[in-house]
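Colleague: The listed protein sequences correspond, in order, to chains A, B, C and D. Under full-length UniProt numbering, residue 206 is the last one in the first sequence; the count climbs by one each step, no gaps. Under full-length UniProt numbering, residue 206 is the last one in the second sequence; the count climbs by one each step, no gaps. Under full-length UniProt numbering, residue 206 is the last one in the third sequence; the count climbs by one each step, no gaps. Under full-length UniProt numbering, residue 206 is the last one in the fourth sequence; the count climbs by one each step, no gaps.
Hints in this document: simulated from the structure, not taken from any laboratory.
Here are the simulated lysine-lysine pairs, BS3-like style, with alpha carbons at most 30 Å apart:
1) A:K31 - B:K31
2) A:K55 - B:K31
3) B:K53 - C:K53
4) B:K53 - A:K31
5) C:K174 - D:K125
6) C:K53 - B:K45
Covered stretches of chain A (in silico footprint by chain B; criterion: 3 or more residues with CB under 8 Å from a CB of chain B, positions within the stretch not fixed):
7) 28 to 38
8) 161 to 173
Computed, partial: chain D to chain C, Cβ under 10 Å:
9) Q27
10) Y29
11) P138
12) R147
13) L149
14) A158
15) Q186
Owing to the predicted nature of the structure, the values given are computational and were not obtained by experimental measurement. Glycine residues also receive a C-beta, built at the ideal position from the N, C-alpha and C atoms.
Spelled out from the first residue to the last, the chains are:
Protein chains: 4
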Amino acid sequence: MGSTPQARRGDTRQRIQDVAMELFAEQGYEKTSLREIAERLDVTKAALYYHFKTKEDILISLFQDLARPLDELLDWGRQQPRTLETKQELVRRYSVALQSALPLFRFMQQNQAAMSHLRPGETLKDRMIAMTNLLRDPDAALPDQVRSLSALFVMHTAIFAMQHIEADPEDKRKAVLEVALDLLAQAHPGEQAHPGEGVGDAPDAS
Amino acid sequence: MGSTPQARRGDTRQRIQDVAMELFAEQGYEKTSLREIAERLDVTKAALYYHFKTKEDILISLFQDLARPLDELLDWGRQQPRTLETKQELVRRYSVALQSALPLFRFMQQNQAAMSHLRPGETLKDRMIAMTNLLRDPDAALPDQVRSLSALFVMHTAIFAMQHIEADPEDKRKAVLEVALDLLAQAHPGEQAHPGEGVGDAPDAS
Amino acid sequence: MGSTPQARRGDTRQRIQDVAMELFAEQGYEKTSLREIAERLDVTKAALYYHFKTKEDILISLFQDLARPLDELLDWGRQQPRTLETKQELVRRYSVALQSALPLFRFMQQNQAAMSHLRPGETLKDRMIAMTNLLRDPDAALPDQVRSLSALFVMHTAIFAMQHIEADPEDKRKAVLEVALDLLAQAHPGEQAHPGEGVGDAPDAS
Amino acid sequence: MGSTPQARRGDTRQRIQDVAMELFAEQGYEKTSLREIAERLDVTKAALYYHFKTKEDILISLFQDLARPLDELLDWGRQQPRTLETKQELVRRYSVALQSALPLFRFMQQNQAAMSHLRPGETLKDRMIAMTNLLRDPDAALPDQVRSLSALFVMHTAIFAMQHIEADPEDKRKAVLEVALDLLAQAHPGEQAHPGEGVGDAPDAS
DNA sequence: TATGAATGAGGATTCATTCAT
DNA sequence: GATGAATGAATCCTCATTCAT
Numbered sequence: 001m002g003s004t005p006q007a008r009r010g011d012t013r014q015r016i017q018d019v020a021m022e023l024f025a026e027q028g029y030e031k032t033s034l035r036e037i038a039e040r041l042d043v044t045k046a047a048l049y050y051h052f053k054t055k056e057d058i059l060i061s062l063f064q065d066l067a068r069p070l071d072e073l074l075d076w077g078r079q080q081p082r083t084l085e086t087k088q089e090l091v092r093r094y095s096v097a098l099q100s101a102l103p104l105f106r107f108m109q110q111n112q113a114a115m116s117h118l119r120p121g122e123t124l125k126d127r128m129i130a131m132t133n134l135l136r137d138p139d140a141a142l143p144d145q146v147r148s149l150s151a152l153f154v155m156h157t158a159i160f161a162m163q164h165i166e167a168d169p170e171d172k173r174k175a176v177l178e179v180a181l182d183l184l185a186q187a188h189p190g191e192q193a194h195p196g197e198g199v200g201d202a203p204d205a206s
Numbered sequence: 001m002g003s004t005p006q007a008r009r010g011d012t013r014q015r016i017q018d019v020a021m022e023l024f025a026e027q028g029y030e031k032t033s034l035r036e037i038a039e040r041l042d043v044t045k046a047a048l049y050y051h052f053k054t055k056e057d058i059l060i061s062l063f064q065d066l067a068r069p070l071d072e073l074l075d076w077g078r079q080q081p082r083t084l085e086t087k088q089e090l091v092r093r094y095s096v097a098l099q100s101a102l103p104l105f106r107f108m109q110q111n112q113a114a115m116s117h118l119r120p121g122e123t124l125k126d127r128m129i130a131m132t133n134l135l136r137d138p139d140a141a142l143p144d145q146v147r148s149l150s151a152l153f154v155m156h157t158a159i160f161a162m163q164h165i166e167a168d169p170e171d172k173r174k175a176v177l178e179v180a181l182d183l184l185a186q187a188h189p190g191e192q193a194h195p196g197e198g199v200g201d202a203p204d205a206s
Numbered sequence: 001m002g003s004t005p006q007a008r009r010g011d012t013r014q015r016i017q018d019v020a021m022e023l024f025a026e027q028g029y030e031k032t033s034l035r036e037i038a039e040r041l042d043v044t045k046a047a048l049y050y051h052f053k054t055k056e057d058i059l060i061s062l063f064q065d066l067a068r069p070l071d072e073l074l075d076w077g078r079q080q081p082r083t084l085e086t087k088q089e090l091v092r093r094y095s096v097a098l099q100s101a102l103p104l105f106r107f108m109q110q111n112q113a114a115m116s117h118l119r120p121g122e123t124l125k126d127r128m129i130a131m132t133n134l135l136r137d138p139d140a141a142l143p144d145q146v147r148s149l150s151a152l153f154v155m156h157t158a159i160f161a162m163q164h165i166e167a168d169p170e171d172k173r174k175a176v177l178e179v180a181l182d183l184l185a186q187a188h189p190g191e192q193a194h195p196g197e198g199v200g201d202a203p204d205a206s
Numbered sequence: 001m002g003s004t005p006q007a008r009r010g011d012t013r014q015r016i017q018d019v020a021m022e023l024f025a026e027q028g029y030e031k032t033s034l035r036e037i038a039e040r041l042d043v044t045k046a047a048l049y050y051h052f053k054t055k056e057d058i059l060i061s062l063f064q065d066l067a068r069p070l071d072e073l074l075d076w077g078r079q080q081p082r083t084l085e086t087k088q089e090l091v092r093r094y095s096v097a098l099q100s101a102l103p104l105f106r107f108m109q110q111n112q113a114a115m116s117h118l119r120p121g122e123t124l125k126d127r128m129i130a131m132t133n134l135l136r137d138p139d140a141a142l143p144d145q146v147r148s149l150s151a152l153f154v155m156h157t158a159i160f161a162m163q164h165i166e167a168d169p170e171d172k173r174k175a176v177l178e179v180a181l182d183l184l185a186q187a188h189p190g191e192q193a194h195p196g197e198g199v200g201d202a203p204d205a206s
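Construct the entire structure; sequences and hints are all you get.
Modeller: Here it is, written out as structure tokens:
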């Protein structure tokens, strides 16, 4: 790629994160050693410690970057009225975020265990619970609560489960989103979704 | 229950598996050391090596035990006609298996990475793909394929996602199963499910 | 000394302590690496960890062995009447203990800092304070308290300070003891020491 | 005291020495890292290297500063007649020096080991030997030599041993000095100390 | 005067594994 | 069936030091 050592000046921190992300996602946090990361970057292990205080710090820094879009979506959701439309929009936005951040989510799933001793409120699990709490109505019938929850999780699992199905990625995303929105609608019997807002096209992820 | 140290004679292998299962599920395979397992059993590390050739052997032995019910279900499914009813029964049976084996599945999820270098066809992922292939129809519309897939995965994710919701476990299971069966039915427009077979009660998990 | 590897079976723990003692006394705890200890014993570093949980554990184990005679002396002193004679006997016994345990005390002095974060009551300093509290009378005039304290410390410092003076070690010890007993007597004006008990000969330190 | 960051310009070298002194005295030389020193000064480690060539250089520079008063006292002593009065004056001056430089001496004691590979004649030990050689008479009886030695060392040990005794510091100093002078006098039987020169008051330590 | 970025050597510690008994 | 003692390789991490800027 023509990236000579000189051209790399100042971006070492970023490069560490990139490589770490890649390896953590591939092999998991525990199995990835700092030696491996350092070697791939052609720096010494000690150099990593100039940029991050501990190995876990690298993990956390990655996680925080990855969690930000989720946090923003949660913030947005909390400020909206608790209507079906809001929930549908949440799901739609989540679908888009997921599409452009699939490796990140893969990374997060691989490394849930390694992150499970974070401060409460800081884990992926906590964020997912927060998310589902925006979607489900605690007074609804249990099956309807399940439908709401599942609108969210279906997007995760289906995307992964469909990786070996041959089809256009955007088509797959729309198919999954359709099912998610369907579940959501079924979870709200008697309510009417906003007309004219379907699955729609994803914006460019530039 | 009267299991004195003497009474344990001969079941050390089983006890190792139990403890390993517990710890692997809790902290993951990589983070769990043989020292930890040995200490909890009050034996020496060397004793473990009398029963298992390597650490990975413990993992594999656990995995094989856990995978057997899944394999049996797959075998059964393969011998049935590819009808909606078969699929519904698959989902029903899966739901029951899941209920009595939740820790096992938790264990499997935690340790996917550690098992990913197994022979092809031996991983959990492979079995899940096989399972979804029994459920989905490759010629159906994409959203309907998603619905079929999701019938399966919803059972996983929802059960975990509902852990912090207060309700009777059996009620939760039925609610989840209802949604799964619903998805399946919706994935087969025009077909009619066998009447008189609803969510039903789970058999005793003796 | 003809100590073949075979002859060493079972005494590795002791040998670690011996070598550690030697090196800690010579270079101090911090400057001594486990590699050094292991190499001198011709075992691996990991072998050390079979016998001691941490490096500090080695230090503590040494310290406890060394502190025992001191503790015994303290115990004895606490059970005696608080008379001048008792104090004189304490000093006499201390002098003897010191003579046969000089390397140990050298070791302790070298490594005070490394041990300073022990539990209260566990440090050398605490024991010395306890010792001086047996010797001095808090109601006496300050200079007399100083004399009592000094009876103890003089034995330490003088022995070290006299190392480069040529004389028979036992003569040196007696000379120091004489001064210590003198200080003690002067600290108790008006009291009469037990007659017939002078500096005397040290018992064999076999 | 109005020492703004700006006011500190140019005294960085001094500030490094101050912080190093503090930390070396507290934790010892080996346990104190340059990172620690730099952080406490809010500069980079590299900045330390502008002022000192190595870590050991800091130690040596401190030691030389601290040793100067001792060297001056030694020089003075060497030029005086070898009388009891000279010795008494040496002890008196030493007592005063000690009082205003207690942390320094604490520092030196902590870090004897670290300095033990200095050129001969450069160590604290060497100076203490020189000092005792001014005090003791090699032809005197051994116990009298011990008394002379101890006159010096008592001042060290007693001051530290009395730290946990409640009393006015100046009173303590005088008490210790009295004992030291006493020891000296007793070491010179038949000689008469200069009359009218007792323990006296310490000069201001400006 | 200082810093930012890095290095090389070495630190303590842990791990899975082995083997004679 | 199990232990006691040990190993070799790897781990994360810290340190004093350097040097271009």
